[in-house]
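**Student:** One-letter residues, chain by chain:
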Amino acid sequence: MADIIKCPVCGEGNAADQEFCQYCQSRLQPLTGPLKGADAPLHPGQIPTKKVTAELEPILPQWLRDARNKARQSAEVDTSQAMQQQERIIPPNASEPDLLAGLRSQSRGDDDEDTPDWLANITGVSPKQKKIDSGSSEARRVELGDRSDFAGNTGALKESIPAWQGNTQEASSDTEKDELKDWFRESSGLEGKKDDVPASDSAGWSDQPVSEPGSFSNDQFVPAVSSSDSDSPDWLKRMTPEEDPGNVPSWLSSDMQQEAKGESPSSFADPASGTFEAAPSSADDVPNWLQGIDPKATSAEGVSSDDWLKEHQPKPVEPNLNRHTTPLWLKGNDNSAANPAEAETPIWLSADVPSPPAPPPSRDPFALDDVVPAFGDIPNWLKAAAPQSSIFADSPAEEAPAAPAEASGWLSTFKSNEPPPTPFSVDKAQENLPPTFTSDAFKDGGENALFTEMPDWLSSASPSAPVSSTPALSDSITPGELPSWVQAMRPVDTTSSARPASFSSDQTFESRGALSGLQGVLPAVPGYGPSSKPKIYSIKLQASQEQQSHAALLEQILAAEAEPVPITSFSPLRTSRTLRWLISFAVLVLIIGVTSLQTRIFSMPVAVPNEFNGALQVAQNVPESAPVLVAVDYHPARVGEMEAAAAPMFDQMMVLRHPRLTFISTNETGAILAEHFLAGPLAERGYQYGNQYLNLGYLPGGVMGIRAFTQNPVITMPFDITLNSAWASAPLQGVTSLSQFAALIVITDNVDTARAWIEQTMSTRQATPFPLVVVSSAQAAPMIQPYYDSGQVTGIVNGLYGGAIFEQNNAGRPGTARSYWDAYSLGLLLAMSLMLGGGLWSLALGLRDRAAAKAGR
Amino acid sequence: MAFSPDIIVGLISFLFTIVVFSYLIGDNPLFRIAIYIFTGVSAGYIAAVAWWQVLLPRLVIPLVTAPMQEKLLLVAPMVGAVLILMKLAPRLAGLARPVMAFLVGVGAAVTIAGALGGTLIPQLLGTINAFDVNAAAARGVNLFEVMVNGGVILAGTILTLIYFHFGASARPDGSVRRFGFIEILAWLGRIFIGITLGAMFAGVYAAALTALIERISSLVNFIGKLI
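These protein sequence lines map, in sequence, to chains A and B.
Heads up: the first sequence at position 806 corresponds to 844 in this note's numbering, and the numbers run straight through without jumps.
Heads up: the second sequence at position 197 corresponds to 187 in this note's numbering, and the numbers run straight through without jumps.
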């Protein structure tokens, strides 16, 4: 398995040392030498390297190279033939008016346009050397006859053999035989006479081009025009206007005149009389070989020639085949006497002359009138090379009888009464072969019959037919007999369903166009073949399943680190707005009603707590007109409660002891609250500022201020709120320290403030004991009670309840507590009832849920 | 018709009281307006008090009228006041650190000293003296009442303190729990704490109720006067 190269075209394996694929003939090995690197792809910015087309030939497929070689060879042959034909062109007659001079001038100016020979002959313009395209295989020349046919004598003919004609002979003597010459020879049946004819002659007229415009294939024989007198035969020379304009044959000159008049030449025109009727001309104008043609003589001499001509009796020409006419000079007259030009029998028509390489005897090589209508403009001899097909409706045998009626001229003497044999039926063995052109298909019913019988050449191409590289032709025509140019152009059998073994699925298979049936048309080298879609590489990270799972796990771990751990907690109690409104409404209605009605339903409290007794003692036992320090440290929101709580005590103290009150506050709003306290519930006592009371104002520093005031009150608070010297005023007269105050009353709603005053004055009060009374709010009283139990506080008056008690001991003065007491009591009762009722309700619900849970279990 | 100041004040009080009561139906713009006014008035009054009752009499006037010795003494607090103002600028806030440190130190010292001498020790002594039969007899309290009172106070104090003891050890089953006896005492201490919190709640309610009664009473009196 080593050293095996896979063909890029068909995908088959080949040996490593092979240069071309053995299946599809595509190149396997890269080019080296001059073409090395030539297949490298171009990069952006590079200028394509100019290459010579010929250098690229090695990369072409083998079959294409073969075709090109054949084309070159054929082109060379064509070139030689063209040169020969040019020599045969008779220059136009200078004496006669050149009616086609205009055409001549136009033709001179066009270098690319090839002047047809027949036109050149008419106009007298030497045809230009035709550039034979070596690569083109479309225009091919077919041998028409012996070269000596147009020669006056053999010797002259020998002399007049143009070089190109000689070359043609040489070319024809190559290994690749011209098929036409063979069947010409064979069909004539005069193979034995071939020896008499020079080899050059046998090539003869049959080498003339066929497909040239205006050439013989187009229903008009145009003899080759050649400027070389030595090469062209005499009759041809006479036809050339340049060389011998005066020697234009009469039949040709008359044709020219008629053409000038717009009439078809008589030599070509008359369909009724057949094609190529002999034109009246002088004996001098008729070529020798034509003059020598005497039907009688030939009939007497050339029995053999008569035979093959008779055998190949031309077919009658229908009127619509006007264009498919044989030149008159090529036709033989029925009356040989009227045509003295026919006195001379051409060599190839003479008895001693071997049968010219002409079409089968039944076929007049120049008798285009034998052309079957269905053939169109293709001569019979050429159609014989074509594959048998049902489109060729009439068999030659049927068409043959029609031809003789119109056949005329010298060739008619050679017509045979026998039905024309099938074309190419040279070999006897081939005679039994079915005719090439049969009308059976049309006999039975028109076009449908076309598909009933498959012609041989088509049947060989059917799917059931074995695959063959060449289409199956009729048995009478072997593949080897096909012209080379036809073989070269023949594509691979496209009708074959079985694809070649070398065909690879990844190679383009041309199905249409000129290259249909071909495979690997483009050079099969890397980079030139059909490129597949480039592989798309994903830019996504290629991770295995395990890697992805690990990554997901890591991601979860990292996410868990950032996630807050929910703390299990009880659900928060939600208050219902409706319940809140109901309670509020109830409370408001109760208080408003009771306040508005000023009821006295509830009695004043009787029980006197111990802490209240201390306060009561202080209030009743303070010295007369003693300085009393009052710290007002509550907020304005607690004014109602605090004043209600402190007013009875101060009222009683003021009434009984007339103390000198000094207000101070560690709260910014304390000073104004003190003023409001004295101007409100204690207004009746008529204390005046500066005489009975003094307001020191705001004591800054909080705890430190209290500490500082306790140590040195004069320095700490030198001024009052009026910015007067406070320690010189009457209320503070004789007071220079804290211990000189008779009592300290702290009115506060904050436990911290009370604690601060208690703690900071502890040292001073230990040194010099003086009573400390705290009038606190109901919310602070529980926290201040320990200080009373510890003996640090002398008495505590807590909220409205303490005020109410004091009022009972003060003869009910000022009466604020009493007015608030019913509402206060009802409010407390309402709250207690609500709390009790709600608790009981919650308890009942809980018990029910628990019972339900137990029942559910 | 001349409106006396009392009427005007009463009217304003009435209006603000109604606006504040509107909070019962929820937060509303009127309530917010009243709050903003109270806050603004309070801030203004405090600023005025700080100037008239602190800076002017204690810094400005002494600097003007006081003798030189008193003026020199005022330099330190004046510098301190200026340095504390540097805290308004982030770049110069470092200059106020010494002053702040002085204030924090002095305040902590005063507080600790006061708490120690004014609360802790006296409270301990008071708890101890609760079982002082002689002192109680001098106050006319019998022995049983003294013992019960003392015992309750002592129990309440100890049990409350035990409740706030959260030191626990891991059990063999993996759970973390306190010692069983501690758990029982903590449960009893929870009772005292609950009772205390209840008393405080009652006091808060009473204070709020009293404030409400006072407000409604003022409204009624105002309306009565108008009528």
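Hints were generated in silico from the structure; no laboratory data involved.
C-beta atoms are modelled at their ideal positions from N, C-alpha and C, and glycine is treated no differently.
Don't take each hint at face value.
Claimed, not checked - With beta-carbon atoms standing in for the labels, derived distance ranges:
| no. | chain 1 | residue 1 | chain 2 | residue 2 | range |
| --- | --- | --- | --- | --- | --- |
| 1 | B | Ala98 | A | Ala645 | 55 to 61 Å |
| 2 | B | Ile102 | A | Gln594 | 48 to 54 Å |
| 3 | A | Ala645 | B | Gly95 | 44 to 50 Å |
| 4 | B | Leu45 | A | Pro602 | 44 to 50 Å |
| 5 | A | Glu713 | B | Leu1 | 30 to 36 Å |
| 6 | A | Gly884 | B | Val(-1) | 48 to 54 Å |
| 7 | B | Ile183 | A | Ala891 | 29 to 35 Å |
| 8 | B | Gly95 | A | Gly631 | 35 to 41 Å |
| 9 | B | Leu110 | A | Gln594 | 49 to 55 Å |
| 10 | A | Ala869 | B | Ile183 | 47 to 53 Å |
| 11 | B | Leu144 | A | Leu617 | 55 to 61 Å |
**Student:** Determine for every hint whether it applies to the structure shown.
**Tutor:** Quick rundown of the hints versus the structure:
1. Between alanine 98(B) and alanine 645(A) the beta carbons are some 43 Å apart, a value that contradicts the proposed interval 55 to 61 Å.
2. In this structure the supplied range 48 to 54 Å holds for isoleucine 102(B) paired with glutamine 594(A), their Cβ-Cβ distance being about 51 Å.
3. Take alanine 645(A) and glycine 95(B): their Cβ atoms lie about 48 Å apart, and the range 44 to 50 Å holds.
4. For leucine 45(B) paired with proline 602(A), a C-beta distance near 49 Å keeps the hint of 44 to 50 Å intact.
5. Look at glutamate 713(A) against leucine 1(B): about 21 Å separates their beta carbons, and that is not inside 30 to 36 Å.
6. A C-beta distance of roughly 51 Å is found between glycine 884(A) and valine -1(B), which places it inside the suggested range of 48 to 54 Å.
7. The hint said 29 to 35 Å for the Cβ distance between isoleucine 183(B) and alanine 891(A), and at roughly 30 Å that hint holds.
8. Checked against the hint of 35 to 41 Å, the pair glycine 95(B) and glycine 631(A) fails, with Cβ atoms roughly 57 Å apart.
9. The hinted range of 49 to 55 Å is satisfied by leucine 110(B) and glutamine 594(A), whose Cβ atoms lie roughly 53 Å apart.
10. For alanine 869(A) and isoleucine 183(B), the hinted distance range of 47 to 53 Å is not satisfied, since their beta carbons lie about 21 Å from each other.
11. Checking the proposed 55 to 61 Å range against leucine 144(B) and leucine 617(A) shows it is violated: the Cβ atoms sit about 42 Å from each other.
Figure legend: structure checked against the earlier numbered hints; hints not met, in rising order: 1, 5, 8, 10, 11.
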